[in-house]
Each structure stands twice: as structure tokens, then as C-alpha cells.
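Hey, can you work out the whole structure from these sequences and the hints?
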Amino acid sequence: MRVMALAVLFGACATPTQPVIAPAPAPMTIPANGWSPQQRAHHLLNRAAFGPSPSDLAELEHVGEAAWLTAQLDPSGHDAQLEAKLSGFKTLPLTVAQAFAAYPPPQQRLKELGITPDELKDNPELRKQLMRENADELPRNLLIEATQAKLIRSIESRRQLEEVLVDFWFNHFNVSAEKNRTRWMISAYERDAIRPFVLGKFRELLGATAKHPAMLWYLDNWMSVRDGFEVPRRRRGGQLPRRMPTGLNENYARELLELHTVGVNAGYDQDDVREAARALTGWSIRVRPRDGEFGTFIFQSIAHDSGPKEIFGLELAAGGGIEDGEKLLDYLARHPATARHIARKLCVRFVSDEPPQALIDEVAATFVRTDGDLRETTKAIFTSPHFWSDEARAAKTKAPLEFVASSVRAIGTLNEVRQPLARVLDQMGEPLYRCNPPTGFAEHATPWVSAGALVNRINFGLALASGRVPGVSVTLPAAGANSAETLDRVSAVLLGRPLSEGTRGTILKALAGEEADGEMRAIAPAKVAGLLIGSPEFQHQ
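Take 240 as the starting number for the sequence shown in this note's numbering and just add one per residue.
These are calculated hints, taken from the structure and not from any lab test.
Computed from a prediction, not measured in an experiment: that's the story for all the values here.
Errors might be hidden in some of the hints.
As the list claims (entries may be wrong) - Once the Cα atoms are required to be at most 16 Å apart in a straight line, the calculated EDC-like pairs of lysine to aspartate or glutamate come out as:
#1 K450 <-> D569
#2 K440 <-> E401
#3 K584 <-> E562
#4 K566 <-> E593
#5 K566 <-> E443
#6 K440 <-> D569
#7 K450 <-> E532
#8 K324 <-> E384
#9 K418 <-> D459
#10 K450 <-> E469
#11 K748 <-> E724
#12 K450 <-> E554
#13 K748 <-> D727
#14 K324 <-> D727
#15 K450 <-> E562
#16 K329 <-> E401
#17 K450 <-> D466
#18 K584 <-> E497
#19 K440 <-> D313
#20 K584 <-> E682
#21 K440 <-> D610
#22 K440 <-> E615
#23 K584 <-> E601
Stated by the list, open to error - Computed Cβ-Cβ distance ranges for the label pairs, DEER-style:
#24 A306 <-> E565: 38 to 44 Å
#25 G486 <-> N698: 46 to 52 Å
#26 D313 <-> P624: 19 to 25 Å
#27 S705 <-> D569: 53 to 59 Å
#28 V503 <-> H301: 40 to 46 Å
#29 G327 <-> S275: 20 to 26 Å
#30 H317 <-> S739: 38 to 44 Å
#31 D665 <-> T714: 25 to 31 Å
#32 R707 <-> E565: 49 to 55 Å
#33 I383 <-> G741: 39 to 45 Å
#34 D313 <-> D600: 24 to 30 Å
#35 I383 <-> T268: 40 to 46 Å
#36 Q658 <-> T535: 47 to 53 Å
#37 D508 <-> V302: 36 to 42 Å
Idealized CB from N, CA, C, for every residue including glycine.
This is how it looks when you write it as C-alpha cells:
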């Protein structure tokens, strides 16, 4: 009941959450303001990292903001400690075909074992036995390892801005492991189509996602063919599936325009969506798991609509092939509406849910001037006075991954990732790699702010601070002479700024019941830290 009461009280305070690499950035100038060095460091690390950690705070103090940001925007070398922790994950380096072969679907495994589905259905003991014997080869391991690896990277990587950008761009070009065979493609998608390009050119990132089997499968473009097309009999034993729709599938073309590039308000219409889908017919993948090529991108010229097309101002002459799709991506990547759409999304992620239009215009202009250079576009945000304004500080609500990662980074050491830590994100509404809508998880606060969400966050904070999160050890300041002093010590570590009077009063009131008959005594820092992690001040960044 106390946790629910705190959630209600805190809720009243809550407010709305091989690439072409550009040359290294020129020395940058960081705008000054009236904040303390500690406040500036916490603000920067809450946005350009998954929250402050003691080591990052020390590094910032040593090298300064400009040098830290320069290194984050141009990361080099190896993160040996991180790579050592990730080396034990067998699934991460696998190609799509290798993942499918090593972790086959249950139906395929049964076929290999000579067991029919009916036999398994009528024999629960056999089912349990097979689960035990094949536990290391179950497809669920692909998602388990991908989720655990993301948590490790978010919490421990020294290349924090890169990890934040990988999370942002995966969300922008979202695919979901819930879409049947996409599960076998998730790790390869993030590794090959997202991670290498987050500080490169947008056109390269767009092209990598467009051709990756995860996107082609998730949004069904692998099935999109010209109207009236039928699979020739002589090809049915080869690259194409035996049963294939005859006609366009507009799913990818629609999201390409609405989500990935120009945005829903750019002025295109349904005819443009259809014409874009025509330009992308024949962009497909090998869908039969044979010869180790499952998931390989292929262009099916016989399925392509080679007629003339007009798409949102782009004209494509008749007779085109795969270049129809490439020209479309070229055009959309450099469209002014794309610059505005991308700029606004980046500003929402890094500045506020309603960023100033002047900032959006600045960032969009950088995107256009640099031909979609994402390093320079990102840099434009962190060097803008808008980022360092009072309006931006603590203006964002942490999404569950940001909340969990920043909590551990602030007071914990991640010894290993176990499933309970990943399940916390499920309970908070952000199951990693399993966001079904192509929109991805929300970058704004509304979905993350509710009484139930606050209860889950407070419970997690109390469990973490008291050492009850498996795989995480915690270090906290020593207790003060009384609860107020302990609160001040712990809040200095967690927040880097003073508590509001409302939050301070709420926490001291919650602690009052643990005072000995009114005698002021020390309250365990773990209790204080747990309540602070659930407070509005910590949940805002």
C-alpha cells in the first residue's frame, strides 16, 4: 500500500519521455549557462548516455564536455571489457541463415527427430523431455541473448552515445521479433543494418534497412510483385516460394514515406504510396532455408513492375529495374521534408517532447547542408543553446530502458544479466525487440506515465537499492546522522541537483515511520535510494 501511495504522490509531480563514415568533427564549442558543473554533467549524461555513472562523471570532469562529446561522436578503438562480456553470446555473430539452422523452428526440429505434432500433443512427458534436451537450441535463445546484450551495452559500454543512437535508429526503423521469422533476423539487423551507420550518412542507413531481410519480412515487401505476376513453374524449385501473392504489397512503401523519411504530413497521397510500392517490387529475399542462403537479399527482375512511375515529384522512366528502388531512396533521403522529419524526431529524443521550432530548423539545415551526415546532425543538437536551456533540463521522462539502465549505472555494477532484469522492462511496457507497430516505442512521455508504471518503477528501485536484482551489486554512500542527511547524500549521487520540496517532503514522510519514536536516527541508504529512484526527479532526465 505504501508503494502505491508513493506512486500516487509522485504521479502528481510527474510531467511528460560497410558504412560511409563522415570525417571526424571539428572542435566544438559548448554553450555556457548558469548551471553548476555537476548539473551540466548530469544533464549531458542523461541525454547523450544512458544516465550518469561514476566513471563517466569522473571522465567528464577530467577532459571537459567538448572533448567527451568529440570522442563520443567519433568513437574508435575497442571496449575490451564490454567485448569480453559479449563474447559468451553464441547467437550475436550469426548470419540469418546460420541462426535459422542452429535454432530451427519447433516444427522443423520435430521433423528432424521423426516426431509428428500429434505425437507431441498426446505426450506431455515427451514434450518436456525435448524441451530439456534441446534447451540450448530453442529459437527463444535468439531473443534472450539479443535482449541481454542490449542491456549490457546500455549499462556498460564506454561508447554511450553510440548505444543511445543505436536504440533511437532501431526504433525509427522498427522491426519486431513477434513477426514469425523476423525473430531469426533481429540480431543481424541491428548489427549489420543499424549499428554501422548511426554516425554515417542517412542514405546509407536507409538503404541498409531497406534491403535487410528483417525489414523485408516484417513489412512484407519480400512478397510484393507487379500486378498479375504469377510464379513460373520452372522457378518454383529455386528462389521464389511456391505460393506467392499476385500483386502489390504496400506495407513497406507506406512506412517508408510515413515513418522512415518524409513523414505523414509531407503532402504525399495514396497514389504516391502505390507508386512507391511499384518501384520496390522484386526487392525480396531467399525464403527457403537451403544452401545456407536463407534471408539473403535478392532482386527478382521478373516480379518487378518496369512501367513508368511518378512518386511525390519523382519521375521514373519505363524499363527500370532495381534502380527504380534505389532512385526512390536517393530522392527521399535528400527530400527537405525528410530533413525536417528526422530533425524533429532527434530533437524530441534529445531535448524535449515539444522541441523549439528554431532548434528543429537548425538541425534540419545541418542535415541538408551535410547531405544527411548523422554525426554532424547529432552534434548540432548538443552544441545548440536550446539543449543547454533551463526549458530542456529535466524535461524528458525516461523510457523503461533508460530508467533501468540509468538506475544500474548510477549505483550498481552489472556482474551479469539475468532474465529478471529483462523481465522488468516487459512489466514496464518496453519488451525489447518486440514492439509490434512499425512506429516503434514512443519517444514522448505519455505512454510511460501512469500509476501502474510508477508502482513498477518504485518496486524496481527498492529491489535494486537493496541488492535484490540478480546479477547487480550496489554501492551507496554511507548513512548520515538522520534520514534528512542520508537523503541529501544519496540524492547528490543519483540526481546531481536538489530535490523539490514536494518530493523531499514525500520521501521524508515515507521514512518517518521508520524513525524510533520520533528520535532522529540514520535510515539505511538503500531505502532512501530506492525511493529516490522512484521519484519524479530521477525519472525525469
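Against the structure, the hints come out as follows:
| no. | hint | result |
| --- | --- | --- |
| 1 | K450 <-> D569 | holds (14 Å) |
| 2 | K440 <-> E401 | holds (14 Å) |
| 3 | K584 <-> E562 | violated (29 Å) |
| 4 | K566 <-> E593 | violated (33 Å) |
| 5 | K566 <-> E443 | holds (13 Å) |
| 6 | K440 <-> D569 | holds (12 Å) |
| 7 | K450 <-> E532 | holds (15 Å) |
| 8 | K324 <-> E384 | holds (12 Å) |
| 9 | K418 <-> D459 | holds (10 Å) |
| 10 | K450 <-> E469 | violated (23 Å) |
| 11 | K748 <-> E724 | holds (14 Å) |
| 12 | K450 <-> E554 | violated (22 Å) |
| 13 | K748 <-> D727 | holds (15 Å) |
| 14 | K324 <-> D727 | violated (35 Å) |
| 15 | K450 <-> E562 | holds (13 Å) |
| 16 | K329 <-> E401 | violated (23 Å) |
| 17 | K450 <-> D466 | violated (22 Å) |
| 18 | K584 <-> E497 | holds (13 Å) |
| 19 | K440 <-> D313 | holds (14 Å) |
| 20 | K584 <-> E682 | holds (8 Å) |
| 21 | K440 <-> D610 | holds (7 Å) |
| 22 | K440 <-> E615 | holds (10 Å) |
| 23 | K584 <-> E601 | holds (13 Å) |
| 24 | A306 <-> E565: 38 to 44 Å | holds (39 Å) |
| 25 | G486 <-> N698: 46 to 52 Å | holds (50 Å) |
| 26 | D313 <-> P624: 19 to 25 Å | holds (23 Å) |
| 27 | S705 <-> D569: 53 to 59 Å | holds (55 Å) |
| 28 | V503 <-> H301: 40 to 46 Å | holds (45 Å) |
| 29 | G327 <-> S275: 20 to 26 Å | violated (41 Å) |
| 30 | H317 <-> S739: 38 to 44 Å | holds (42 Å) |
| 31 | D665 <-> T714: 25 to 31 Å | holds (27 Å) |
| 32 | R707 <-> E565: 49 to 55 Å | holds (53 Å) |
| 33 | I383 <-> G741: 39 to 45 Å | holds (41 Å) |
| 34 | D313 <-> D600: 24 to 30 Å | holds (26 Å) |
| 35 | I383 <-> T268: 40 to 46 Å | holds (44 Å) |
| 36 | Q658 <-> T535: 47 to 53 Å | violated (32 Å) |
| 37 | D508 <-> V302: 36 to 42 Å | violated (51 Å) |
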